[in-house]
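Between the sequences and the hints, there should be enough to build the whole structure, so can you do that?
Residue numbers (our numbering), protein chains in the order written: chain A, 27 to 391; chain B, 27 to 391.
These are calculated hints, taken from the structure and not from any lab test.
Every residue, glycine too, gets a C-beta built ideally from N, C-alpha and C.
Treat the hints with care, as some may be off.
Computed from the model, here is a short list of chain A residues facing chain B with C-beta under 7 Å [stated by the list, open to error]:
| no. | residue |
| --- | --- |
| 1 | A60 |
| 2 | W355 |
| 3 | L388 |
Simulated restraints, written as ranges between beta carbons of each label pair [to be verified]:
| no. | chain 1 | residue 1 | chain 2 | residue 2 | range |
| --- | --- | --- | --- | --- | --- |
| 4 | A | D357 | B | I373 | 41 to 47 Å |
| 5 | A | D357 | B | E265 | 29 to 35 Å |
| 6 | A | L92 | B | G233 | 56 to 62 Å |
| 7 | B | G233 | A | T389 | 35 to 41 Å |
Computed footprint of chain A on chain B, listed as stretches where at least three residues anywhere in the stretch have a Cβ under 8 Å from a Cβ of chain A [what the hints assert, rightly or not]:
| no. | segment |
| --- | --- |
| 8 | 30 to 39 |
| 9 | 71 to 85 |
| 10 | 310 to 320 |
| 11 | 329 to 343 |
| 12 | 352 to 362 |
Number of protein chains: 2
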Amino acid sequence: MSAAKTLDAPVPPGGTIGILGGGQLGRMLAQAAAKLGLKSRVFCDNPKSPAFQVCDAHTIGKFEDLGAIAAFARQCDVVTLEFENIPAETIEHIADLVPVNPGARALRITQDRVDEKNFLRDAGLKTAPYFSVTSDDYFESALLMCGEPSIFKTRRMGYDGKGQAKVASGNELAEAYARFGSAPGILEGFVDFAFEASVIAARGHDGSFAAYDSPENAHENHILRRSTVPGRLTAKQNEDAKQIAKKIGDALGYVGVFAVELFAMMDGALLVNEIAPRVHNSGHWTLEACAVSQFEQHIRAVAGWPLGDPSRHADAVMENIIGEEAAHWADYACRPGALHLYGKPEIRAGRKMGHFTQLAPLTRR
Amino acid sequence: MSAAKTLDAPVPPGGTIGILGGGQLGRMLAQAAAKLGLKSRVFCDNPKSPAFQVCDAHTIGKFEDLGAIAAFARQCDVVTLEFENIPAETIEHIADLVPVNPGARALRITQDRVDEKNFLRDAGLKTAPYFSVTSDDYFESALLMCGEPSIFKTRRMGYDGKGQAKVASGNELAEAYARFGSAPGILEGFVDFAFEASVIAARGHDGSFAAYDSPENAHENHILRRSTVPGRLTAKQNEDAKQIAKKIGDALGYVGVFAVELFAMMDGALLVNEIAPRVHNSGHWTLEACAVSQFEQHIRAVAGWPLGDPSRHADAVMENIIGEEAAHWADYACRPGALHLYGKPEIRAGRKMGHFTQLAPLTRR
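The structure is reproduced here in structure tokens:
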């Protein structure tokens, strides 16, 4: 394999950003690229991808089809992605042709919950207790280590609570392990947090770093319901969150925007839950409350542009519009605030259809 | 001719907005439609139209080609336009097929400087003194009426100072009249204003009305250089500007966003300079400083959605990026604020290539 291509100069206006994945994140990335005078080309296997409606060109293909991927990459100046479950092999294949970020290493680490937790531990960051479950030998020890109850998860491919089970005994763990196909998993101890938060940060090709103020996040049924900035985080927690993100970005040698999901503990400590190597739902409020949104920030980073100023000029509360809630679009349209609908062809239960951001004048600098 | 089609119900998410004109205004309208989950289809004669890069589908054709226009209109739920110099006949042709706004009447009036001034006078609004120049009979009286010097303009098709000449005598007027092809024109008296301003407003199908805070505008070489909100307008002038816009919108029976260019006089009075029946350069700051931008507001109005809240959550200064200034995109990218580049294929002198908006926390509610 040849060395991965690196970016020698910023992609100038008129250049083309390739985006793998055509969902709402790819859509908002394409719109951000357009704001900077860049064209976007989207690759996705779904012919009805929302991102296709707003990009300059698109390719319908499978992420495993390396021929189609190569033809696509050759038409782009740089390539990036909207979600982390693209095969690392696909990314390596693109990297031979054109700069691609985030890179295969960051993806490999964050695609595997055990590798990710080990990486965080090695970076000196706090996480929930965890135990790598690779066979049925250590079910009891795993629960002893993590506490009862704990959460059993598959190591790979889970999101929005899929591939997860709460277990309170060795037997329940055995049952969950078998139910998920006896695939390698991770047991994670429950964390008695005060609230959840996240930090959205960016790292440039030159190692430059910028992080947004951290939102407080509320989940329902494992799906993000609401992000509030400023939430209950103290000024110190807000700073700590940025430092955590900086450590992670530097240790990954990351280029682009990433999110770190955090547990804010009663004593003020922040535990890392997981890393998302992409723009993140809890950062959608940056579209209105910051001059440079997380989507533009990501495009800037992967295109070799200087990172933008992440400071807020407003307070914000972002709420997801999920499943049937989208049928009430006319009610949302009457509320003061910013409505975003993603152009998805049909409503499905649990599907993120859009989001709504309420804005208020800045209360904390 | 059959009656113009009217909109019976709002265009729901997934519906299609047709946009005549593919420049930066069409581009930003298409992006605003996408934000609401609406698709956009752009019609333009320029194969390299910036709006083509961000819309769901496009048609290359001439605005006078009524067959192409009809085929285009049939694929849209509603049609709108990004600039006022589309033939009113084209709009009438579309109106037989599908609702189109702004309508032919508003276009006819604002496409003709004399009709526009007469309309404003009939609406009880103040303008500069003016004189309709239709032959060489009244050159001296025209100058007597408007003062020396005055500005002679063709009645139709002028923008950014094109088709205008400063004249200080009957002879100079005769010369300008001949130079512009002895076409009907208007002589307008100079106005000794304190500063220029504008108001961007919207009127819905139901007569609902919403206006943004008025920016103060600065021009250079007849091209908008900068819009500042809040500028030097007093709270009363800001209110007066909204009332002027409301009178105009109601008198035109207008649907959509329009701009009114104003002269703010030393004594606080506001004179109307002209009406732009479309989104306007001096309203670009609404993209960042308001939850609902002028582009989204226009899409909401023409699609039959409720108008959005026009209130600001930030102060803003918008500067155009004109001609060769766009070569310095990397410098703009380093400045804190919102950079917009329009994806135009080449830089030309005087061409609007992008804009940059600086934001600051709200200083006046």
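Hint check:
no. : hint                        : result
1   : A60                         : 5 Å, holds
2   : W355                        : 6 Å, holds
3   : L388                        : 5 Å, holds
4   : D357/A / I373/B: 41 to 47 Å : 45 Å, holds
5   : D357/A / E265/B: 29 to 35 Å : 30 Å, holds
6   : L92/A / G233/B: 56 to 62 Å  : 58 Å, holds
7   : G233/B / T389/A: 35 to 41 Å : 36 Å, holds
8   : 30 to 39                    : holds (count 3)
9   : 71 to 85                    : holds (count 5)
10  : 310 to 320                  : holds (count 3)
11  : 329 to 343                  : holds (count 7)
12  : 352 to 362                  : holds (count 6)
In the structure shown, no violation is registered for any of the earlier numbered hints.
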